[in-house]
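Undergrad: Letter by letter, the chains look like this.
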Amino acid sequence: MANQDEVRPLTFNLGSAEKLSDGIGHCFVVCGEEIAIFRQRDGRIFAVQNRCPHKNGPLSEGISGDGKVVCPLHSHKFDLSSGKGGEPRECLKTYAVRVFNGEILLSFPTGDAAAPEPECAARHA
Amino acid sequence: MIKKCRQKLVVIGNGMAGARVVEEILKRDPEAYDIAMFGAEPYGNYNRILLSNVLNGSQSASEIFINPLSWYWENRITLHAGIKAVKIDRERKVVIGKPMKKEASAYTLSPDSAFEEKTIEEGYDRVIIATGSRPFVPPMEGFGGAGTFMFRTVDDCERIAEYAKECKKAAVIGGGLLGLEAARGLLTHGVEVTVLEAAPQLMIAQLDPESGQMLKSTMEGMGVKVLLEKITTKIETVEGRITRLLFKDGTTLDTDMVVVSAGIRPITEIASVSGLTVDKAIVVDDQMRTNDPEIFALGECVQHRGKIYGLVDPIWEMANVLADVLTNKNVSAAYQGSKLGTKLKVMGCELASMGDTKPAAPTDEVVVYREPKRGVYKKLIIRDEKLAGAILLGEADAASMLMQMFFSGAKVPERRADMLFGEEPAGVSMVNLVSMPDNVQICNCNGVSKKQIVDAVRSGCNSVSKVGACTKAGTGCQSCKGMVAQLIEAYKGDAEADPSENYYVPGVPLEKSQLVAEIKRRNLRSVSAVFDALAGGKECPASKAGLASLLKSLWPDEYIDERDARFINDRVHANIQKDGTFSVIPRIYGGVTSPEELRRIADVAIKYKVPMVKITGGQRIDLLGVKKEDLPGMWQELGMPSGHAYTKSFRTCKSCVGTDFCRYGVGDSIALAQKIERRFQGIESPHKMKLATAGCPRNCSEAYVKDLGAVAIEGGLWEIYLGGAAGASVRKGDLLCTVKTHDDVLKYMGRFMQYYREHARYLERTYGFVERLGIDKLRAILVDDSEGICARLDAEIQKAVDAYKDPWKEAELPAYPTQFSGPELAAILEVAESNG
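Taken in order, these protein sequences are the chains called A and B.
Position 99 (the first sequence) corresponds to 98 in numbering that gives the first Met the number 0; numbering is contiguous.
Position 295 (the second sequence) corresponds to 294 in numbering that gives the first Met the number 0; numbering is contiguous.
For reference, chain A alone in the conformation it holds in the complex (with noise of 0.2 Å):
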């Protein structure tokens, strides 16, 4: 059992990256929490969460580009890797992502401490 401090993140299997289209999102439901992936025209992929922190637009569902994701419902924009949004105080939380053996493996916190502050968020406190 994980004690009340520590976070474990385990690796989930998300399947084949071929789903994955160039610059496309597509959603996944990890432990109950929706997950956006990026695979972006230059090869990087990336997983964030889903929801928009303004008004929960669906950020799978937005055009990604030069690392960056523009939500679909009012164009809110926010950097892939860092999760810093570009009105102030808007950030996403970001997941470690990769594709091994053309699998798609993501690393997901879980425990009592489960989610990860946004790391713009810890940077104003």
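Simulated from the structure, these hints should not be mistaken for laboratory data.
Just to be clear, a hint being listed does not mean it is correct.
As the list claims (entries may be wrong) - Calculated pairs, BS3-like style, for lysine-lysine (alpha carbon to alpha carbon, straight line, at most 27 Å):
#, chain 1, residue 1, chain 2, residue 2
1, B, Lys511, A, Lys76
2, B, Lys233, B, Lys167
3, A, Lys76, B, Lys117
4, B, Lys776, B, Lys731
5, A, Lys18, B, Lys626
6, B, Lys117, B, Lys86
7, A, Lys54, B, Lys465
8, B, Lys776, A, Lys18
Starting from the known structure of chain A, arrange chain B on it as the hints suggest.
TA: For chain B alone, coordinates are given in the frame of chain A:
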């Protein structure tokens, strides 16, 4: 590292005033205070101005919240929601709060029963009291039982709407602004509404007796009964249901429910029990300070120089002063009191009121203009050659001019008649904008004042988009963008123009004509090829959709369609909704359908459990709330082509019944609309194009205000109008030419569409485009062929028409693997590793 020791600020009240002052403080100095807020309602704060929209259903409660709960934690504000501050212990410097019981009203006056036992304490260095006001309930027997409501909070709206479903008749006590708004909301629920006012007229704060009487007639014309000088003494019930009201004069009124909106009273209890000076409200000085130098107050709960304000503009002014004072940005900032003026619509009736409603001295000059038939009434009160007050009812086109005179205290014109009528219906002139006072709100969606925009311009924002990024002005409905542009023009001074303002898309530094030339010269056929060749290989997500639209119109057949460059609507051929579901609108040519088609639509709606089936403004049927996964199945079962109600393209062509059945029709508008729609369906363009045909100039199908419209006139002729609009902007289209046949209409419309596709900026609607170029120039090019390009335009649009494919055919063969996939449940973990 040494952490700066922050002072502790406690804000009592989490309404518009409390939230606004905190926002202003954070904007000036986010590090100045640790902030805790008490709010008796169990929500974040919301925009009370929009409450009536919640009641009439045009907005949901969640849409009117100013700040979501996440705002509080992102700004490290401790929010005690549902906890009412009951006392400030000034000896110990703590604010004491008690949790409200779930069912208790936030405005309760009987505290003991409403609170839980335990208390919460917050220590403070400084306190802001922003408790606002509570609705006033005139003394009457029976209020508080089932079917009696106040109209003040989000919960009130929901309860009223729910209860109204069971009712035939409703009474609204209070004939002020909010009471009339409540009446309007109730009408939408199909109940018979009676407004009861104690005074001898409606809206006594804003109108004089004569205009009050005219408003009453107007209201009655809309189906609301109005009874004046009625003081309710008792609400009678039978078996727990309201049956009727008794009035002081002995008369009665049958009703099923009662809504009270009889004004407000400041909430001052906490100030009184804490030993602060309270008169009619909490007394504050020009820096919003109470008699305790560490305790401040603002909003509807304060009395400043003897006045109490119940409107939102003074709150904004007070919040600015208080934030300046508390952050030491300007310790001598002083609130000078507010001049009050409002412009609003009461049930669709225009109304503006400012300052005094009646003369205050015999030397005051009163100018009155009446037009009873149209319900128009205008009154000016002039004192010392300045405007001391004005009322405009039924027609408020002169309101901005009068407000400006009133707020600036300018000398009024010699000829008083010059002040009665609006001069420039097309918009506010530059001169007006410059001479307008700083606090005039320019962006009504985001509440941005002229001063904020001018400050942004002076600090270097030299384009509409930069001003928008900095202040949010122009980022809502966008109808104020023109005014923002004028302010930039007026105040930018020597600042350099921002060349990027003219780029077709932000990520490629070229204007449209240059971009088109480069794309053609280098034969660039995909969005990624454009980024590689013209933007140094740097992708710009904000530019992708614009480039995709342009490339598709430049290379109808040879375009390389990269789906990641499309906006989600264009990936799945449906319009994304606020909750991430989609809407399905099949094409119904000219708005003419058949029983068989309707039956298929019904079957599909039932099978896929579509939450809402709605007739659209474009004469078609919208199936709303559809899951992405269900789109292909629904399209296939509908057996109808896409209506393109989701994309920047030709949308629809409405029609009236024309000569088929109408007694007045002089042209076959239905057949023409169907021909137009079959020919131009799916044609991409810089922005959407909505069309209509009208069988006579009565214009039942609104063709005058469409992007392109055709109107039949006597003599077998058709007029073609361009650049009409009836959205955030309203504009009558300009007459391009008059032609004889349906085929002529199709020819000129197609020619214009191609020219618009080639020359408009991305996301420039036809009304902006036509106005920018001028109809005379367009007529020269498209009718007189002054540039010799008509034959080419005709050929290009034909190519685009020929390239049309119904996108809903992708139901059978998705363009990419996850095109119609919903969220995918991650499989159980296959690799697990401990990171420890």
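Undergrad: With reference to the structure, classify each hint as holding or not holding.
TA: Do the hints match the structure? See the list:
no. : hint                : verdict
1   : B/Lys511 / A/Lys76  : holds (24 Å)
2   : B/Lys233 / B/Lys167 : holds (20 Å)
3   : A/Lys76 / B/Lys117  : violated (44 Å)
4   : B/Lys776 / B/Lys731 : holds (18 Å)
5   : A/Lys18 / B/Lys626  : holds (20 Å)
6   : B/Lys117 / B/Lys86  : holds (14 Å)
7   : A/Lys54 / B/Lys465  : holds (23 Å)
8   : B/Lys776 / A/Lys18  : violated (51 Å)
The earlier numbered hints that this structure contradicts are 3, 8.
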